[in-house]
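Produce the entire structure from the sequences given, and follow the hints as far as they go.
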Amino acid sequence: MKRVLTGFAALVLAAVALAEDPALEHWSKIYEVFSHPRCANCHVGDDHIPRWSGEHYGEPQPHGMNINADRSRIGAESVLCSTCHTQQNSPEPHGAPGAHVWLLAPVEMQWWDKSSREVCQQIQDPDRNGGRTLQAVADHIRHDELVHWGWDPGPGREPAPYSPEEVAVFIEQWAGAGAVCPEAS
Amino acid sequence: MRQWGEAMNITVNGQVHTVDVEPEMPLLWVLRDELGITGPRYGCGISMCGACTVHVNGLAVRSCSLPVGDVTGPVTTIEGLGTPESLHAVQEAWIEHQVAQCGYCQSGQIMSAASFLMTNPNPSDEAIDQALSANLCRCGTYPRIRQAVKTASAKLRGDAS
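Top to bottom, those sequences are chains G and H.
Here my numbering = 1-based position in the first sequence + 2.
Here my numbering = 1-based position in the second sequence + 16.
Be aware that one or more of the hints could be misleading.
[Claimed, not checked] The calculated label-pair distances, taken between Cβ atoms and stated as ranges, are:
1) G:Ala78 with H:Met41: 27 to 37 Å
2) G:Thr135 with H:Glu142: 49 to 59 Å
3) H:Gln114 with G:Pro128: 30 to 40 Å
4) G:Gly47 with H:Gln114: 33 to 43 Å
5) H:Arg173 with G:Gly178: 34 to 44 Å
6) H:Gln114 with G:Gly66: 45 to 55 Å
7) G:Asp23 with H:Glu38: 46 to 56 Å
No lab work stands behind these hints, which were simulated from the structure alone.
These numbers come from a predicted model, not from an experiment.
Positions of the beta carbon are idealized from the N, C-alpha and C atoms, including for glycine.
Pasting the structure below:
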């Protein structure tokens with residue numbers, strides 16, 4: 003009973019924090035997108051291994067065939083991503099997805115396996131966000147073709163939530179509300 | 017991408033061909049069914065096995081998944097990698113190590129290895145294993161593939177040892 007009450011109290015405190023700080027409410031939607039497999043699977047860390055997920059895979063798992071994009075983040079050291087990833091999604095189930103370019107995000111932009119607070123701090127750090135202001139981050143999501151692939155991922159893959167325009171607006175609203183990050187849990 | 021109904025020119029193994037096909041047709045179908053070039057093989061049809069690997073602009077691609085309308089440069093298949101009189105170093109190494117067993121995947125393996133050695137001329141064993149893992153061989157010839165790639169690498173670098 004004590005454990006139930008403690009859990010309930012934590013939920014109430016989290017709800018109160020969200021209700022009190024609109025910035026956190028905006029951030030929770032942004033993190034919902036950034037932590038989604040369509041985004042996080044290619045924002046991996048220094049193991050350079052893209053992740054796979056889809057309707058038959060269950061939880062995200064390492065890219066098959068021992069694929070490693072290496073430090074080049076395009077597989078130049080072993081198998082170039084462009085060997086299989088063409089400029090468009092394969093129409094076949096489990097076929098390779100594609101876009102006009104195909105590469106991992108820079109390693110300093112890791113989202114895979116990172117907490118909401120960690121991603122929140124990274125996205126507003128110019129040393130780890132490509133030297134962007136938050137407005138430039140919003141515009142990047144609004145206009146970048148590879149980012150837009152997350153909402154058009156081909157058959158058998160769940161698109162990222164919301165839309166690029168909605169996410170860009172969330173970022174602008176979050177920045178306008180002070181770009182507050184959640185506390186460490 | 018080219019539009020439907022437009023005949024297109026495609027250069028394969030140094031020869032220009034005019035083909036009248038839909039731009040969405042995978043390159044492999046054009047090579048095998050339209051041009052009769054049967055070295056590239058159909059395996060999985062979704063870029064997973066590598067049997068269909070050819071070069072476009074000198075780099076490996078999976079021809080089963082690449083729409084012909086997206087081909088942006090000259091295509092090289094196993095038939096054009098070397099000649100019977102002057103084999104490519106990878107082909108020579110494949111013979112030297114007698115890599116093939118059933119042989120079905122081997123044209124794709126050789127094309128992948130040749131592309132890999134262009135971008136990584138002096139690979140470690142680990143890099144070879146990693147690179148060629150993306151080409152499936154159900155006969156399990158990987159140990160011989162690794163040796164052949166090492167031999168070809170040395171030949172291409174002019175290392176006699």
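Comparing the hints with the structure gives:
For G:Ala78 paired with H:Met41, a C-beta distance near 29 Å keeps the hint of 27 to 37 Å intact. A beta carbon spacing of about 41 Å between G:Thr135 and H:Glu142 contradicts the range 49 to 59 Å that was offered as a hint. A C-beta distance of roughly 56 Å is found between H:Gln114 and G:Pro128, which places it outside the suggested range of 30 to 40 Å. At roughly 41 Å, the beta carbons of G:Gly47 and H:Gln114 sit within the given window of 33 to 43 Å.
Distance hint for H:Arg173 and G:Gly178: a CB-CB separation of about 58 Å, inconsistent with the stated range 34 to 44 Å. The beta-carbon spacing between H:Gln114 and G:Gly66, approximately 29 Å, falls outside the hinted interval of 45 to 55 Å. Remark: the range hint 46 to 56 Å for G:Asp23 to H:Glu38 is upheld by a beta-carbon distance near 55 Å.
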